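Build the full structure now, drawing on both the sequences and the hints.
These are the residues of each chain, in order.
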Amino acid sequence: MNDQTSQIMSVCILGGGTAGWMTAAALAFKFHDSDVRIQIVESEQIGTVGVGEATLPHIRFFNQALGIDEAEFMRATNATFKLGIEFCDWGQIGDKYIHPFGDFGQPIDGVDFHHVWNKLRRSGLKTPLEEFSYPIIAAQSGRFHHPDPDPAKIESTFGYAYQFDSSHYAKFLRKFAEDRGVTRIEGKVVNTVQNPETGHVETLQLESGETVKGELFIDCSGFRGLLIEQCLKTGYQDWSEWLPCNRAVAVQSATVGDIPPYTRSTAREAGWQWRIPLQHRTGNGFVYCSDYISDDEAREQMLSAVEGELLTTPKQLYFMTGRRNLFWNKNVVSIGLSAGFLEPLESTSIHFIQEGITALLELFPDRSFASSDQDEYNERMSLNFERVRDFLLLHYVATERDDSPMWRHFRALTLPDSLQSKIDVWTHRGLVPSYEFSVFLPPSWIAVFAGQRILPTAEDPRLNRLSAEILQSETETLHRSIQSAVARAPAHVSFIEKIGGLASSARAPAS
Amino acid sequence: MTSAPVQTVAICGSGLALWMTAAALARSLPDSIQVTIVETGVNPVDDIFYGQILPPQAYAFHLSIGLSEPELLLNTGTTFALGTQFQSWAQTDRSWVQAFHQPLPVWDGVPLTKLIHQRPHASLQSILITAQAGLKGVFAHPSEDGAHLLSRAEYGYAVDPNQLSALYKASTLRRPIPLITAQIVSVQRASTGITGLTLSDGQTLHADLFIDCTGPLAQLQEKTTATAATDRTVKATLKQTSGTPLGAALQYVRSGGYGWRSEVILRSGARRLTVCDANAQTETSAGPDVSTTLTLGSRPEGWRTNCIAIGQAAYVIEPFTTAPMKLLLRDIDRVLKLFPISTDMRIDAQEYNRLFRDDYAHASLFNQAHFAMSDYPETPYWQGTAAHNQDPKLVRKLTQYESRGYLAAYDNEPFDDVDWAVLHDGMGRTPQRRDPLAALVDPATIDTRLDALQNAIQSVVKKMPPHPIYMGKFLSYLQRKYTRNG
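Quick note, the sequences are listed as chains A and B, same order.
One point on numbering: in the numbering used here, the residue at position 114 of the first sequence is 134, and numbering is uninterrupted.
One point on numbering: in the numbering used here, the residue at position 460 of the second sequence is 469, and numbering is uninterrupted.
Hints listed in this document are in silico derivations from the structure and should not be mistaken for laboratory results.
These numbers were taken from a predicted model, which means no experiment stands behind them.
Which bits of chain A does chain B cover? Going by a derived footprint, with three or more residues having C-beta under 8 Å, they are:
(1) 48-54
(2) 374-386
(3) 440-450
(4) 454-460
Think of the CB as a built atom: it goes at the ideal place given N, C-alpha and C, for glycine as much as any other residue.
Listed below in structure tokens is the structure:
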């Protein structure tokens, strides 16, 4: 049994971007009534990357756990609601589909609806699968409301996330954390001192001469991984074999037209471009592989596709897809870009931060730094990264595109077995192998498969118990109920305004 | 690649695996698929090794085959089961109720399973309403009111596998399904799998898909390749006595140097299953009813070419937990989800086998965790159980729990966090460290809340009727209702 003396009394977070302040806020909340000291070292000289302005529905649980009010958070971060991601030109140039946060239809006689759709499709149904998803139709119509609490209603069949300004989110959480006792230290780290015996990081020396001690360090210093890599030499697994994109260029622009409740990702010859609508502006970026396009060309391509007036100058980013060999090494836990990087095709950057924080809290160490805590943390985070990697790779390989060297590269790629078998099972019988510990559940896989022209050649044989007439009429009923429910839903921006989430800097709603 | 659709299925074997599978397939498959059942025997002795408890998951299975709880109770001697009480397990002073229970609550962001460790006077058993009700000998159906403590209860059934088989058989044969009563004389094979079975009545049966429910003999499996990953060999003996009055809604498992013994009381009488090392001298009480010897372990694949092995045809696992029944239910669920589209079954089989291997491995972890101890009784049975304690998946679970009460988990395990927490606690495993976040929660507050919870459970339990009385009243209600409705 431990006692007061074994408890870690001092935690130091290095880096104050999204990862640093999310971690600080979560720790501050947990340790609010304790004597545990939480310090965060950040430098105004070092810019933050501001990863992932689009999020996954899980972010709501993070905010809820901290007791953050939704409207206040939305005002502070210029947030909009997000029902999914629209993917353009992925399966083939001219294609588009939305990956929603929600199911497709409802099971009929115990068989998932997409089997019904596939069976009808194979006998001539023209309606695409996405018309059987409430959040997709709502997104396309620019409408939003909170999910209905009554699970019997079609208006309950979705989840939602946010699109927000992550630098404002960091500021918002900074206030939250500082109000709860987190100490912010301005400064740039010039040296780290390790314990000669254990190799644990003990002290950060700042440019000012100031030193910061800690027992547990959270490395949120971004790609460079100041502690986890530069100091501890943990090593990095390069995954560019699977996901070769290694650069991005980002710019902000004025929003043109209505603010859609979804993110857009458009495939290009050498990468893909994002569009994330916030209340006051639109974030744009182009993720690409430097083997296939120069930085100048990439910037030009991106700018030519930006719709509104530019509000910033393009910002260049460099990265290598992969993960740290150990996410937690000695007394350093890496959270955020220091832990690893997967391109934000499915808005997972902030999610990985959140997963890292959750796992850290469940496995929070004491002074003994039991290796079992570290092992379990690393095991959990490895699985997270690997399963997301497979899902991202699916977007590149579920395609008929071969119009550029990048697409031809993917067509020739030998896939990881875990991904290949998922594709095989889906194609063979419309089933998505399901895993408990995975952020993307079968409906997400179904959305991408169906949206990118990978369709099953058969469906669950149990469906043959039901007559074609029954399937047809159930399907038509579902279609009608979605259409009429969406027609009743409020417009996106009106809803933000109604709940008091509109920032003063936002554009006023059109009507 | 195109191949013909699966049009014919032969389900072969006997007993629980046969009729459970048949009932599910008969209900689920469309009429375009012709199912033939080959029953090779009745009440196979090995069925005693599925155990005597149907886990809570059986409820959904029964629903799926159109079998209601009243039908189950009115047509068999089934009684309710809130779990299993292990008594002096492994010749120690460890006793606990391995109770069925919904997930435990989280208080102040910390799972109750972690908080409870830091309160020396609190026990996990005292906050499980099903454990407390079991110990008091009372029973009531779980409440549908989410605010009521009884809504956290789960229950299974104490059963006789033979009675269940007969019930599932009757349910299956409500549909016009061809039933052949014959032995399997020989199996004809080609490179693509089984082409036909020669039966003792002289006919040859062809099918696109064969389902092997022939028990540990696994008569349809290829003998050359599909040898079971052998483990220990044990002897199981069932003794049945009639006229025993009903008691608590519990199974009792007691251990001895020979192995272990489980007892349930059904409305049709008491059943005592004794399991010992196959080579041990059994203590023979007057005339055991039935007895069999089984080798524990699993085949590397549940589905090979066009043949799926169900239950004991694929693995044999000890029934001191509900592992054999849980796996049987999962086998059937897997067959339904992956029922082959066409005679090219390679992809279906590959996915089936991935899930099959996980399920068996994870159920085995749970059973093996009953043997993870520092000291073993010096008898063949207990010494034999120690062999698999170094399985890395088990080591991870034990290390994490013993370190800080953390429940490490794998994808879709048959036994969930509550099952594991109760087992660890029952086995006397105590975390070496307090969880640092659990330590932040004010001890006085936890104590107050725990006291309140324990008291609330006790007052609910006090109001619950004894299991025999509840069962008696419930049955006479059902009898009245069903007689009236004809």
